[in-house]
Every structure is written in structure tokens, then in C-alpha cells.
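Undergrad: For reference, the chains in residue letters:
Protein chains: 2
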Amino acid sequence: MHLRERVIGTITGIFKKYGGVPIDTPVFELKEILTGKYGEDSKLIYDLEDQGGEKCALRYDLTVPFARYLAANGIANIKRYHVAKVYRRDQPAMTKGRMREFYQCDFDIAGQYDVMIPDAEIVAVLKEVLTALDIGEFLIKMNHRKILDGIFAVCGVPEEKIRTISSAIDKLDKQSWEDVKKEMVVDKGLDEIIADKIGTYVRRKGGPELVDSLLEDSELTSNKRLKEGLEEMKKFFEYSKVYGTQDRVSFDLSLARGLDYYTGIIYEAVLIDDAPVPTAPKNSKDEEAQTRIGSVAAGGRYDELVGMFASSSKGKVPCVGISFGIERIFAILMSKYEQSKLRPNHTQVFVMSMSDGLLLERIEIANLLRQNNISAEFTFKTKPRMTAQYEFCDKNLIPLAVIIGKDEISRGVVKIKAMSKEAAVAAQTKNEGDEVKVSDLVAEISRRLCL
Amino acid sequence: MHLRERVIGTITGIFKKYGGVPIDTPVFELKEILTGKYGEDSKLIYDLEDQGGEKCALRYDLTVPFARYLAANGIANIKRYHVAKVYRRDQPAMTKGRMREFYQCDFDIAGQYDVMIPDAEIVAVLKEVLTALDIGEFLIKMNHRKILDGIFAVCGVPEEKIRTISSAIDKLDKQSWEDVKKEMVVDKGLDEIIADKIGTYVRRKGGPELVDSLLEDSELTSNKRLKEGLEEMKKFFEYSKVYGTQDRVSFDLSLARGLDYYTGIIYEAVLIDDAPVPTAPKNSKDEEAQTRIGSVAAGGRYDELVGMFASSSKGKVPCVGISFGIERIFAILMSKYEQSKLRPNHTQVFVMSMSDGLLLERIEIANLLRQNNISAEFTFKTKPRMTAQYEFCDKNLIPLAVIIGKDEISRGVVKIKAMSKEAAVAAQTKNEGDEVKVSDLVAEISRRLCL
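Protein chains in written order, with my numbering: chain A, 1 to 451; chain B, 1 to 451.
Possibly wrong hints are sitting among the right ones.
Note that identical chains are pooled: a pair holds if it fits in a single copy or bridges any two copies.
What the hints assert, rightly or not - List of simulated lysine-lysine pairs, BS3-like, C-alpha gap at most 27 Å:
{"#": "1", "residue 1": "K55", "residue 2": "K31"}
{"#": "2", "residue 1": "K37", "residue 2": "K85"}
{"#": "3", "residue 1": "K381", "residue 2": "K241"}
{"#": "4", "residue 1": "K174", "residue 2": "K336"}
{"#": "5", "residue 1": "K43", "residue 2": "K55"}
{"#": "6", "residue 1": "K85", "residue 2": "K16"}
{"#": "7", "residue 1": "K16", "residue 2": "K415"}
{"#": "8", "residue 1": "K85", "residue 2": "K43"}
{"#": "9", "residue 1": "K31", "residue 2": "K85"}
{"#": "10", "residue 1": "K197", "residue 2": "K234"}
{"#": "11", "residue 1": "K55", "residue 2": "K85"}
{"#": "12", "residue 1": "K383", "residue 2": "K234"}
{"#": "13", "residue 1": "K336", "residue 2": "K85"}
{"#": "14", "residue 1": "K43", "residue 2": "K31"}
{"#": "15", "residue 1": "K383", "residue 2": "K224"}
{"#": "16", "residue 1": "K415", "residue 2": "K381"}
{"#": "17", "residue 1": "K182", "residue 2": "K197"}
In short, the hints are calculated from the structure, not lab data.
Could you put together the complete structure from these sequences and hints?
TA: Shown next as C-alpha cells:
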């Protein structure tokens, strides 16, 4: 939980630095708000029992409630962030980081702006967050709905097969082209010629040079939306260069993403295990062999979602956003720390007595420390055992102890003791059991804890 | 939301200082866990629809899930805190701060300790939090379930009427004794002699001297539980004096609290409008006339709750806790701040262009600032209007602007401008539009923002 607080603190700190405003939406929405927004995954929505009111469901993500909120409050532009839990009626699989209840951490930019500027900023936020969290090498895979749809149109995929072919293509990060082609042709009945033609496009990835080469393909650019998408990607890379994010971005024509509401650029950040940062990724066998740990953040542009909840046509608000999968990030960071080295609490000083109990004196000393913003604890017993007090310090890795004795108290002194070797080092002292005047105690402890 | 973050930060900071560990429990529990814990209010529990799994409900408070968590994980002692939302299927009344979904902020001490020590510490946490939040004068009303039950027994209240008489007594803070007596005698059929006898006790409040005087009443002390309760209160006041909380505590024999699970000390913090701190409250007409804004925190000891969820008898874990009603605290603090003075975001610098657009240059400058941990924004347009940029700064009370012009950029300089009189004062400058080298920009802005 402490690690969780630290991670969330890092992320929201960056959100604020980019002008983000926190907005909180309720954990449940009217059922109809959520219906028809999540494609196949709609079956995972948690419904509330109708107890004589409206039909409600638990939020499935933070994006749809945000769009509903913008429409309901007539907000035309905002940069918002939201850290909260979402709910999916799934079979939990802890090992895969799949749970029924988990945190999402979202940043979104809503408003009518010039093309690709907010999109490039969101990707800058994405890069800065993952860099700050220090979770290892990562790659931001990026595609554009207009480009993907355009390619399907140019290749001749029938309208009614676009969704299913799209989801087959999305598996190219885990499966070979042969398997994906088989799924399209055998399972989904796509013409083999069309499948092969799709294959010449969707297996490509790269940087701005790939955009340029696709823009030279007159068959592609004859499709208006596809050309628009490519020009937007070109713009994106122009801004990305200034934002300093270009080294992390891989334009990947196989990225599809399942959600219904995306209309423009889409992206997904994946970790790359033990691999160098691919500055100019190529469609090589080597790269495909890179171990993919999985997606830690994803998002895209959704220009139509707010309009769905608005009463008039002027209620349309274009949006672009990113959602961090906090549970996965925790899992990765947890494995980097030695579990035992994580301190369970923040307590800096344990106030203990040698033998006589001295409860009131222990309360007084703890009080004195707390009043000076030093976190302190003591055992809630009138006569605690010495060993129990020591064990508590060890278990909680508490760095310092103040030890009270009847004789010392009468002389107005207490003892300070470093409770472990690490603590002694951290507290910049090797001394044990130094006597110190009660009147100097706060100053002495502050010095030892480097406060 | 920013105020909310600050308030929660203050509270959790204090929780940590007392050794608190954050624990998170799920937003839904099995329905049976919540059943029979909340008395009459059980009808406000939100049930989830049975979609082919267990029967679940949304948590009603953070206490019952905490107790369930302790039992499930076999935890025998812990100091935990938890800030999260709870759910009540009530008719929302915003003016009364009553909502269906709201935050609670809980601190609990679980474990087998010596009598009244953790209880006194919880009250110290309560006093420190309310003092730190600076929400005005407050009083901690306190009673003990054993004392209240004992008084009912001594006065001869029939067993089956105890609950309903208890809830009538609880209204003594809002109603006159005559009205409460009428409710007991006329509406609830209590013998008038019994009612009058109850009245001689429950209208009393005070400090340790009240405990002492009750201990001298042999009719009361003949009841074993009552005597036990009084001795515990005596102990409490002894510790309370050392903790420095005694000035805030009023032993109030009318405090009852509705929840089923309390077994010992119970308390409620109330704000007192424009009244001096009652150091030794007396049962005077004057005091009854004090305006009561309402309860901002409440809690008590619940020694049996964990045991209800444990499989064996050794699963019994005594607990005592406090829950802060954050929404009410927000409402009070919001009314203290001028709404307009609250900054909607944290942005410190707005990067704007004079006329030529200069988008890439604006991105570069914003990037430079952000890399140095200065929060910065700019307009997402290739050629934004000057007035629109100024309006954004005004609306968001952004203190500083960096203004970029084509001519200046070619000379390697930008202008810094304080955006308002307040900002100019805050940024310790009266100068407007000073030219500064781009290479000195971060240092100069840090100086002006006192970073």
C-alpha cells in the first residue's frame, strides 16, 4: 500500500505539472450510459440490483463516466485526471494482474484544438510517467483508426467483417503472421488474396519514415480518410520530435485496440524485457522475438463519445486520453523491491520502557515527538515486556528507540538507541543507548533522522 | 477537489505519524457480511445484481469490511487507516451533506491491549486532526455503552425497550428534555417514573468529576457492568490528561449512537459555533443553547465484530476506531474560503506567443520548464489569439507568463510577466514583461515562484 501511494503520488504529480485538474465521478452510472460503449467486453459490466430506483451499474472504466460528466455539465474544454477503481465481472486471475476491482489512473484532454497537439502532449505525459516510475524499457505502439479502417477498405475487407478482422490483426504482437492469416481466412472466411494484401501493410512498423513511405503509395492515399490519418500521423511525429518522445514511439500498423469509442490515434505502452530501446524499430524477426511483458498504459482519441451523451449537436467535445494500468505497474515494481525491505509503516521512533511500565511517561514522550512532527509509537500496555517491544521495532524496521527508565526519568534524561545496523547507518550513528536530556530529545532525534 | 486532496493529505499525514498503515478493502462485500450490523439503517445497503455469482452489496462503512479483513487474514493487531468511499441507498440531500456516495476517513487500532490506552490514543488522533484542519471550535462528546446500558438497567427499562429508549435519549442534543420524555412515555409507552429517573442521569455531562460523582452513587455501582464502565471512563480521563485531550472531551450521558456493533466507549466530535471551548461543561441552559453545526467525526470501541467473522473463538480481536465525515469537513472549509480564490489547477507558468503562433517554440519552452519540475501549459492551437491566452491565465489564476516573440526568440530571449497584482506580489516582483535569456529562464522563474 505504501508503494501504491508512492506510485500514485508520482503519477498525479506529473498530471498536475501538465495542468491537470482532479475530477471525481461516482462509482456507479445509469446502466444505459455504459451500454454499447465497450464492444464484446460489455458482458463484464457489474449491474446493481434494482431496489426501487434507476437501473445502475458499476463503472467499467473512467473514460465513459468522464464523457458523461462533460456532457452533463456542458464543459467544452478541460485537462482532467482521475485515479479511481473500476469494476469488471471477470474471473479474477491474480497472476495475470486481472482482478474484479482495480485502479485506473487517467489523464484526458478535452476541447476543440488544432490537430495532434493535445495528442502529442498526452504521449509526452505517458513517456514522462513511465520514465519517472523507472519500470524498465518501454515502447509506445501507435496507430490511427482512420489508417486501419482505410487499409481494410483499400484491401477490400467487407464492411461487416471489419471488426472481426481488426481483432485478429491485433494479435500480431503475440502470434505469427501465419497464425493470424489462418484465423482470418479459415475461421473468419476472408478471401486469401485480401488477407495477403492486408499482410503487406499491417506487418509494418517504424517511425516517421514509414508514414512518408505510405504517403507515397497512391492506392492508399486515394482513400480520403486513410490519407487524412497519415497526414495526422506525420503531424504527430513533427510535434513528438519537439516533445522528445519520438525515440519511444513505434508506428505499428497492427495495433487495433478493441473499444468502440476510439476515432483517431490509438496507443499502448508495452514493456520490453532486457532489450535495448528500439529507436527505429524494423519489421525484423529479432524484434518480434522480444519478450513482451504486456501493456501498462493505453489510450487514444475519442471525438464522438461526449456527443453521444449531449442533447444538442453543439455538445460534441473532442477528447484524447491515456489510462495507466496501475495494478500491473505495482506488480512490476513489487518484484523489483525486496519485499522485506519495504517498511510496513512510517514510524520513526519507538518509545519503550525498561521494566517499570512508565505508561504515562511513554505517552508524554510520544506526544512530545508527535507535536514536533516525528512519528512515534509505544506499546499499549501498562507493563509491556522488553522483548515484545524490541520485536515490534524489528518487525516494523523502526530506526530509533527512546528508552525510558525510572532512574533516568528522575534525572531528566532518556536513552536513544539505533535499532538495527541499517538504521544506525541511516541515522548516521554507531552509538547505542546514548543518554540525552529530555529537553534536547527532539533536536537530537531530528539530527539523527536527518529531518 | 484540490481542497479535498489537501484535507485528505493532512489527515493521512497525522494517521501515519501515529503509526497507521494504509489498508484497502474491496468496494463490495458478500451481502451476508453486512447483514445485521447496522440496526435500522440496514435498509440503506446497496445490493449488486446477482449475475451468476455470489450475492454482493456495496460497503456501507469502512469498519465492517475492516473487521472482515482482520478475521479473514488472521491479523491480531494493527493500526490501520483507510480513506475511501462508502455507499448508502438514501435520498440525497446536498444541503445536509447527505449523499449516496461519500468519503470516509477511518483510523482504527486492533489488538488485545490494556484498557483505555488505544482508546485514549484514538481521541488524541481525533483532536489533532480537527485542530490541524482548523475547522473551528469543537467538542468531543463521549459516553460508554456499559454505562448507558447500566443506567437503563438500574432505572428499570424493560430489556425489549432499551434500543428504542436509547434512540430517544440520543436526541437530547437537539430536543428539550420535555420532548424526549414525551416521546418515551407517550409514544414508546415507558413508565413515567422510569423516564424521570433516567432523566436524572442522562441530562448530565462534564469531566472526570462527573465520573467520580457517579462512582459514589451506590445504586449505580451495584450494577457490575455500569461500575466497570465508570472505572474505564476514569482510566480514560487519566490518560486523556497526559495526551492533552481533556479540554476537548465532554462525558455526555445522553450520547447513544445507533450502530449495533459498539461495545465500549463511544464518541462524536461536534463543532460549536461562536462559542468558547467548554473546558468544564455544565448542564446549564446556556450550553444547551449553543448552536450545534453537527457531527464531523464519530467512532467507538467494537470488541465483538471481528469475532463474528472468525471461525474459532480465538479469532476475537478487540478494536477501537474513529471515522471522519470528510464531506461535512469539506463543506465547512469551503464556506471559509472565498470560492474564487481557490485555484482550479496547479499551473505556474503559461507559455504564450505574441502573434506568430510559434507552436514548436512554445512546446519547447513548456518542455524545458516541466523538465525542471515547473508546471506549465500553453494553448493547443497553431495560432492562438492573444486575448484567449490572457483569458486562460486569468480564469486559472496562473501567476506567471512566458511570452515568446519571433524577434525575441532570434535573440535567444523571452519575456516574463506577472499575470495579476496578487501574482506579482506572490512572485516578489512588480516588473512586467522583463526580458530574460532562455538559458536563464528556469533559474529566473524558480526565483520568482520562490521554488
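Undergrad: All the hints need checking, so say for each whether the structure fits it.
TA: Hint by hint, here is what the structure shows:
no., hint, verdict
1, K55 / K31, "both (6 Å within a copy, 19 Å between copies)"
2, K37 / K85, "both (18 Å within a copy, 26 Å between copies)"
3, K381 / K241, "between (63 Å within a copy, 17 Å between copies)"
4, K174 / K336, "within (25 Å within a copy, 57 Å between copies)"
5, K43 / K55, "both (16 Å within a copy, 18 Å between copies)"
6, K85 / K16, "both (20 Å within a copy, 23 Å between copies)"
7, K16 / K415, "between (44 Å within a copy, 24 Å between copies)"
8, K85 / K43, "both (18 Å within a copy, 25 Å between copies)"
9, K31 / K85, "both (17 Å within a copy, 20 Å between copies)"
10, K197 / K234, "within (23 Å within a copy, 86 Å between copies)"
11, K55 / K85, "both (20 Å within a copy, 20 Å between copies)"
12, K383 / K234, "between (73 Å within a copy, 19 Å between copies)"
13, K336 / K85, "within (24 Å within a copy, 31 Å between copies)"
14, K43 / K31, "both (12 Å within a copy, 22 Å between copies)"
15, K383 / K224, "between (82 Å within a copy, 26 Å between copies)"
16, K415 / K381, "within (20 Å within a copy, 64 Å between copies)"
17, K182 / K197, "within (14 Å within a copy, 88 Å between copies)"
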